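Novice: As a plain string of letters, each chain reads:
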Amino acid sequence: MTSTPTDFFSFVGGLSRFGVKSLASAFTPPYEWQFFLVHLEDIGWRSLPLIAAAGLALGVVTALHTRGTLVSFGAEALIPSLQSASFFNELGPLVTGLLISGRVGAGIGAELSNMRGTEQIDAIEAMSADSFKSLVVTRVLACIIVLPMLTVFMDLTGLLGGFFSERMASHISLQLYIHRAFSTVSWANFVAPTLKTCVFGFIIGAVSCFYGYTINEGSSGVRRAATSSVVLSSLLVIVSDVFLVKLIYFFFPGKAL
Amino acid sequence: MSAAIAVEFKNVSKSFGDRKVLQDVSFQIEDGKALCILGRSGTGKSVTLKLMIRLLRPDSGSVSIEAENIAQLPEKELSRVRRKMGFLFQSAALFDSFTVADNLAVPLRHFEKTMSPKEVQHTVEELLSEVGLDQDKDKLPGELSGGMKKRVGLARALILKPSLLLVDEPSSGLDPITAAEIDALLLKVKQERHTTLVIVTHDVREAHKIADTLAVLDQGCLVGYGTLEELKSSENEVVRQLISES
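Residue numbers (our numbering), protein chains in the order written: chain A, 1 to 257; chain B, 258 to 503.
Derived by calculation from the structure, the hints in this document are not laboratory data.
Treat each hint with caution, since some may be false.
[Claimed, not checked] Restricting the straight-line Cα-Cα distance to at most 35 angstroms, the calculated cross-link-like pairs of lysine-lysine (DSBU-like) are: (1) B:Lys333 x B:Lys370; (2) B:Lys394 x B:Lys277; (3) B:Lys370 x B:Lys277; (4) A:Lys133 x B:Lys418; (5) B:Lys447 x A:Lys21; (6) B:Lys277 x A:Lys133; (7) B:Lys290 x A:Lys21; (8) B:Lys466 x A:Lys133; (9) B:Lys396 x B:Lys418; (10) B:Lys333 x A:Lys133; (11) A:Lys133 x B:Lys370; (12) B:Lys489 x A:Lys21; (13) A:Lys21 x B:Lys277; (14) B:Lys447 x B:Lys290; (15) B:Lys396 x B:Lys267; (16) B:Lys333 x B:Lys447; (17) B:Lys375 x B:Lys447; (18) B:Lys396 x B:Lys277; (19) A:Lys21 x A:Lys246; (20) B:Lys341 x A:Lys21; (21) B:Lys396 x B:Lys333; (22) B:Lys267 x B:Lys375; (23) B:Lys466 x A:Lys21; (24) A:Lys133 x B:Lys489; (25) B:Lys370 x B:Lys341; (26) B:Lys447 x A:Lys246; (27) B:Lys394 x B:Lys447; (28) B:Lys394 x B:Lys267.
Because the structure is a prediction, the values reported are computed rather than measured.
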C-alpha cells in the first residue's frame with residue numbers, strides 16, 4: 001500500500017479528503033437520482049440472497065453452539081434472547097458490513113478502476129459532467145443507506161435460522177420463540193447498533209471508490225483496486241466497530257449487558 | 258481575409274512529476290482544416306489532445322479554442338466550450354453498462370435538456386445509420402468488435418454536431434479494411450460538416466489521406482509542422498524518418 005511514512009500519511013490524507021468530499025458533494029446539486037437508484041438496486045437488492053443465506057446459516061450455527069452450553073445449566077429457554085442479543089448488537093451489523101465489503105467493495109473497486117483505465121471517466125469529464133458525483137457520491141450514499149436495511153434483514157434471517165435449529169431440537173413454537181427473543185430487546189439495543197452500519201457503509205463506499213477512482217494501471221490495477229478495497233474496508237469496518245460500540249455504550253449506558 | 262483559428266497552442270508545457278511531456282509547444286489550426294499529430298509513442302501526442310479539451314491543464318502557456326483560453330476558464334464556461342467539441346478516445350471509451358443507443362444519448366441528455374425522448378431517439382438512430390450501425394443500437398459494447406466500437410465512439414463524438422473533433426489513434430488495433438472505413442468516415446465528417454479535425458496517429462498513410470497539415474512531436478517538442486511536402490524537406494531526422502514511411 002505505502003512504502004515510507006510520508007507515503008502513508010499522504011495516502012491517509014488523500015483517502016480522508018476523498019471521503020469528506022464524497023459526503024460534502026452529496027448536499028450540492030445536481031443530484032444524480034438515476035445513478036443513485038441503480039446503485040441502490042445493485043448494492044442492496046442484489047445482496048439480499050447473500051445476506052439471507054449467511055444470516056440463516058449463522059443463526060443455525062450460533063443456536064447450536066449456545067444450546068450445547070446452556071442445556072448443561074438447564075437454561076435453554078434463554079437461547080432465543082441470546083440469539084436476538086447477539087444478532088442485534090453485534091453479529092448482524094458486523095457480518096453484514098464484512099459481507100458487503102467483500103461483495104460490493106471488490107465490485108466497486110474493480111468497476112471504477114476499469115472505467116479509469118478504459119477512459120470512460122475521461123469521456124464523462126469531456127462532456128463536462130461531474131464524474132465524481134455520478135460515480136462516487138451516488139455509490140457512497142447508496143452504501144450508507146443500504147447497510148442498515150441489510151442489517152435488519154440479516155438480524156431477522158439470523159433469528160429465523162435460530163428458530164429452525166431450536167424447532168428441530170426442542171419443538172418450540174414460533175410464537176414462544178419470538179416472545180422470548182424480543183422480551184429482552186429494547187429500542188436502544190436495536191436502533192443504535194443498526195444505525196452504526198451507516199458508518200460501515202460510508203467506509204466501504206469511500207474506500208472502494210477511492211481505490212477504483214484513483215488507480216489507473218490497466219488489468220493489474222483492476223486487480224489491485226479490487227483486492228485493496230476489500231482488505232482495507234474490512235479492516236476499517238472491524239476497527240471502527242470498536243469505537244462505535246464504545247460510543248454506543250457512552251450514549252446508552254443502560255444498554256451494556 | 259485570413260481564416261478563423263479553431264485551436265491555438267501558445268508556448269504550452271506539461272510535466273508529470275519530473276518527466277517533461279510537452280515543452281514550449283506552439284501551433285495553430287484553421288477552422289475546418291484537419292491536423293494530424295504524428296510521433297513515436299510517449300512523445301506527448303495524446304496529452305496534446307487532452308489539453309485541448311482540458312482533461313489536463315498546461316503547466317504554462319495557453320490553449321485557446323476559437324480564441325478563448327480554456328486553461329483558466331471556470332467550469333461553467335468550460336462546459337459551454339466543450340459543447341462545441343467531440344472526442345473519439347483511443348479505446349472508444351464506451352460506457353460498458355449502457356447500450357449503443359444509450360451511449361449516444363448520454364451527451365444529448367446532458368447538454369440538450371429540452372430535447373424530448375423521441376427527439377433524442379431520432380437523433381441517435383439517424384447518426385447510427387450514418388456510421389452503419391442502425392441494426393446494433395440495442396447491443397452492449399461488450400458485444401461489438403473493435404471497429405464497431407470505434408464507429409459508435411465516433412457517432413457519440415459527433416452527436417452534438419461539434420465544430421472541433423478530437424480523435425486519438427483512430428486506426429489502432431484495427432485491421433487495414435476497418436481502419437480505412439474509419440478514415441473514410443472521418444474524411445466525410447470533414448468534407449460534409451466542415452468540422453475541424455485534430456487526429457493523433459502513428460499511421461503516416463492515414464495522416465496523408467486526411468490531414469491538411471501535419472505536426473510531428475519528438476520528446477515533447479514540436480519538431481515539424483507543415484504540409485507533407487514541406488515536411489519531406491525537413492532538416493530534422495525524426496521528421497524525415499516518419500514521413501518517409503508514406
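Novice: Against each hint, give a clear statement of whether it holds in the structure.
Specialist: Okay, the hints, checked on the actual structure:
The suggested pairing of lysine 333 of chain B with lysine 370 of chain B holds, with an alpha-carbon distance near 16 angstroms, which does not exceed 35 angstroms. Taking the CA atoms of lysine 394 of chain B and lysine 277 of chain B, the gap is near 42 angstroms; set against the 35 angstroms cutoff, the hint is violated. Restraint check for lysine 370 of chain B and lysine 277 of chain B: not satisfied, since their Cα atoms lie roughly 41 angstroms apart, outside the 35 angstroms limit. A hinted pair counts as satisfied when its Cα atoms are at most 35 angstroms apart, and lysine 133 of chain A with lysine 418 of chain B qualifies at roughly 26 angstroms.
Proximity of lysine 447 of chain B to lysine 21 of chain A is assessed by CA-CA distance (about 42 angstroms); at most 35 angstroms being required, the pair is judged violated. Taking the CA atoms of lysine 277 of chain B and lysine 133 of chain A, the gap is about 31 angstroms. The hint holds against a cut of 35 angstroms. At most 35 angstroms may separate the alpha-carbon atoms for a hinted pair to count; lysine 290 of chain B and lysine 21 of chain A exceed this at roughly 42 angstroms. Proximity of lysine 466 of chain B to lysine 133 of chain A is assessed by CA-CA distance (about 41 angstroms); at most 35 angstroms being required, the pair is judged violated.
Pair hint lysine 396 of chain B plus lysine 418 of chain B holds up; C-alpha atoms about 24 angstroms apart against a cutoff of 35 angstroms. Proximity of lysine 333 of chain B to lysine 133 of chain A is assessed by CA-CA distance (about 16 angstroms); at most 35 angstroms being required, the pair is judged to hold. For the hint linking lysine 133 of chain A to lysine 370 of chain B, the alpha-carbon distance of about 18 angstroms falls within 35 angstroms, and the restraint holds. About 53 angstroms separates the Cα atoms of lysine 489 of chain B and lysine 21 of chain A, which puts this hinted pair outside 35 angstroms; it is violated.
Annotation: proposed proximity of lysine 21 of chain A to lysine 277 of chain B holds, straight-line Cα distance about 31 angstroms (limit 35 angstroms). Between lysine 447 of chain B and lysine 290 of chain B the alpha-carbon distance is near 8 angstroms, which keeps this suggested pair within the 35 angstroms criterion. Only pairs whose Cα atoms come within 35 angstroms are accepted, and lysine 396 of chain B paired with lysine 267 of chain B is rejected, the gap being roughly 43 angstroms. Between lysine 333 of chain B and lysine 447 of chain B, the direct Cα distance comes to roughly 28 angstroms. Compliance with the 35 angstroms bound is thereby established for this hinted pair.
Between lysine 375 of chain B and lysine 447 of chain B the alpha-carbon distance is near 28 angstroms, which keeps this suggested pair within the 35 angstroms criterion. Pair hint lysine 396 of chain B plus lysine 277 of chain B does not hold up; C-alpha atoms about 42 angstroms apart against a cutoff of 35 angstroms. Distance check on the hinted pair: lysine 21 of chain A and lysine 246 of chain A sit about 27 angstroms apart at the alpha-carbon level, within 35 angstroms; holds. Taken as a hint, the lysine 341 of chain B and lysine 21 of chain A pair is honoured in the structure, with Cα atoms around 30 angstroms apart against an allowance of 35 angstroms.
For a cut-off of 35 angstroms, the pair hint linking lysine 396 of chain B to lysine 333 of chain B stands: about 34 angstroms separates their Cα positions. Restraint check for lysine 267 of chain B and lysine 375 of chain B: not satisfied, since their Cα atoms lie roughly 43 angstroms apart, outside the 35 angstroms limit. Restraint check for lysine 466 of chain B and lysine 21 of chain A: the C-alpha separation of about 47 angstroms exceeds 35 angstroms, so the hint is violated. Between lysine 133 of chain A and lysine 489 of chain B the alpha-carbon distance is near 49 angstroms, which puts this suggested pair outside the 35 angstroms criterion.
As the CA atoms of lysine 370 of chain B and lysine 341 of chain B are separated by approximately 16 angstroms, the hinted pair is consistent with the 35 angstroms bound. In summary, the hint linking lysine 447 of chain B to lysine 246 of chain A is not supported, as the alpha carbons are separated by about 67 angstroms, beyond the 35 angstroms threshold. With a CA separation close to 25 angstroms, the supplied pair lysine 394 of chain B and lysine 447 of chain B stays within the 35 angstroms bound. About 42 angstroms separates the Cα atoms of lysine 394 of chain B and lysine 267 of chain B, which puts this hinted pair outside 35 angstroms; it is violated.
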